[in-house]
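Enquirer: Build the full structure now, drawing on both the sequences and the hints.
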Amino acid sequence: MTGYTFVEKALARAAGASGARAGDILDVTPDVIFSHDNSAAIRRIFEKIGAPRIAHPERVAITLDHAVPAPTTQHAQNHAEIRQWVREQGIRHFFEVGRGICHQVISEEALVLPGETILGADSHSTHFGWLGAFGMGVGRTEMAALWATGMLWIRVPDAMRVTLTGRLPFGVTAKDIALRIIGDRGADGGQYRSVEFLGDALASLSLDERAVLPNMMAEFGAMSAYLPPDQAVFDYLETNRTRDYTPLYPDADAHYADDSALDVSLLEPQIALPHSPDNVVTLSRAVGQPVQQAFIGTCTNGRLEDLCAAAAVLRGHKVHCRLIVIPASAQVLLEATRRGYIETLLEAGATITTPGCGPCMGNHMGVPAPNEATISSGNRNFRGRMGTPDAPVYLASPYVVAASAIRGAIADPREFLS
Amino acid sequence: MSEHRVWVYGDHVNTDVIFPGKYTYTLKTPDEIAAHALEDLDPAFAVGVQPGDVIVAGRNWGCGSSREQAVTALKYVGVPVLIAESFSGLYFRNCINQGILPVVCSGLRDVVRTGDTIMIDRLSGEIHAAGQVFAMPTLSPSVQAILDAGGLVPMLQRRFGESAR
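Residue numbers (my numbering), protein chains in the order written: chain A, 1 to 418; chain B, 1 to 165.
Since the hints were made in silico from the structure, they are not lab data.
Owing to the predicted nature of the structure, the values given are computational and were not obtained by experimental measurement.
Treat the hints loosely; a few may be bogus.
Claimed, not checked - Label pairs and their computed distance ranges (CB to CB):
hint	chain 1	residue 1	chain 2	residue 2	range
1	B	His-128	A	Arg-241	56 to 62 Å
2	A	Ala-257	B	Ala-135	21 to 27 Å
3	A	Leu-266	B	Asp-31	50 to 56 Å
What the hints assert, rightly or not - Sample of chain B residues with no beta-carbon within 10 Å of chain A, all distances over it, derived:
hint	residue
4	Ser-2
5	Glu-3
6	Gly-52
7	Gly-115
8	Pro-137
Just so you know, even glycine gets a beta-carbon here, dropped at the ideal spot from N, CA and C.
Expert: This is the structure we're talking about:
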């Protein structure tokens with residue numbers, strides 16, 4: 001009999017089934033469910049359902065991150081409603097304004113563990129594949145249903161295997177791998193699939209970099225993504241974890257609907273041009289294009305290593321356009337401060353703001369004016385994404401964003417790295 | 001068999017142009033949300049759409065964010081059926097859970113233009129357009145049950161209403 005993919009194993013486990021195959025529809029009981037600033041809206045749906053209370057508040061996490069600190073009275077009222085709800089329902093895993101972006105905070109807190117299932121009311125919930133968990137985004141109604149029942153229907157996705165070999169060249173990152181994959185296969189290249197990574201390149205990626213791959217697979221249309229967890233992952237989770245876990249690995253003879261390989265040692269820095277994450281070209285084809293703003297942050301590329309990369313490029317230089325840096329969490333900000341990265345960034349002329357999602361989806365803290373171009377280390381550059389349809393957004397690695405901030409135009413970071 | 005006027009769109013229409021992210025925490029009522037439907041894709045849509053109109057699109061309709069308003073904005077203007085060559089996975093789920101029928105259908109968008117009329121026969125699972133007949137795929141029973149209940153909320157309301165009695 002054919003073996004199982006990761007997603008077949010993980011969803012069978014979450015459904016309490018002896019086995020599952022792609023295409024099966026299962027009632028899944030996730031280990032963790034989470035939401036963010038959308039929690040007040042979810043509460044309004046929850047109240048319509050008529051359930052007496054949240055079925056398993058200990059499995060619920062809520063992080064205020066999408067518009068923090070509150071930019072308007074309306075946003076503040078939204079946060080206030082969420083705090084009230086958290087108190088009423090006894091939700092212990094509540095993370096206040098400034099703690100960080102949900103995906104980063106839940107990772108740091110080790111709330112979800114390898115082999116487990118986590119569903120989030122956020123499309124980048126694919127993120128948790130970095131630690132070998134099944135992570136999938138759901139809608140607000142689905143989260144309300146999860147609060148009420150603890151369960152949700154899921155059709156087990158087909159899986160595609162991406163084997164990464166070789167070592168990344170200097171100045172090239174996991175972001176470039178993700179952009180290349182999305183650029184090659186299109187924004188629906190992984191549609192309704194579990195993208196399961198494999199290969200010797202993974203072990204040489206730091207944990208910060210590994211998270212970029214499953215995070216960006218949201219832009220590939222994937223329902224989930226997976227990297228096989230190793231000792232580095234287990235060590236990271238060890239301090240904060242509160243339960244035991246069993247990591248899951250796909251069988252060698254599992255059936256994959258699609259199988260591809262990429263030698264990352266041949267990769268150049270990549271960039272997604274406006275207005276889609278799959279509009280990807282080699283960086284050299286965009287060099288010199290003027291930008292008025294550079295943004296380093298988001299759940300994709302706002303971690304310690306990303307700030308380290310930015311500092312490495314910016315050391316001894318001055319920016320020639322606005323540079324906004326938003327660490328993905330308070331923990332990242334603290335450690336970046338201790339290591340001197342923040343000082344380097346400030347000396348170069350960056351502005352540092354509160355950990356959270358920032359201007360990524362056009363809420364606040366660095367939204368562009370019409371016709372101003374932004375280069376971002378984020379994940380999405382759809383028309384209007386940052387608040388106005390006339391503002392083009394480019395996506396690249398933190399190295400490229402930092403180099404472009406120095407030039408005030410899209411630039412190759414390798415000329416600033418020794 | 002029901003008659004529907006169509007609005008035709010292309011490939012990879014994303015949730016940011018269907019319902020911009022900047023409104024997601026400030027607009028709450030159905031009327032407010034409906035007023036911004038397809039705002040950054042087709043400003044003519046929100047003013048011209050009539051209840052019963054359907055959308056016919058290309059590949060990967062609804063890619064991007066999980067935001068449900070990208071579905072509810074269309075529900076609130078009265079769109080009962082969304083037809084596309086393919087849907088983003090999250091968007092497809094959101095449609096089912098909101099009680100809007102997502103129909104995966106190839107070829108239809110090549111034969112219709114915005115303003116044309118098509119006929120949908122849910123019983124036989126057929127779409128009639130431009131003298132041609134297109135098949136609507138059958139959904140699995142558990143997914144069909146959510147649609148039949150009018151969406152996930154009405155289904156759960158029934159369940160929790162019953163357990164309270």
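Enquirer: A separate judgement is required for each hint: does it hold in the structure or not?
Expert: Do the hints match the structure? See the list:
1. His-128/B / Arg-241/A: 56 to 62 Å: About 58 Å separates the Cβ atoms of His-128/B and Arg-241/A, which means 56 to 62 Å holds.
2. Ala-257/A / Ala-135/B: 21 to 27 Å: holds (23 Å)
3. Leu-266/A / Asp-31/B: 50 to 56 Å: holds (54 Å)
4. Ser-2: holds (25 Å)
5. Glu-3: Per Cβ check, Glu-3/B is outside 10 Å of chain A; nearest 29 Å; holds.
6. Gly-52: Holds: least Cβ distance 23 Å, greater than 10 Å.
7. Gly-115: holds (24 Å)
8. Pro-137: holds (13 Å)
Checked against the numbered hints given earlier, the structure satisfies every one of them.
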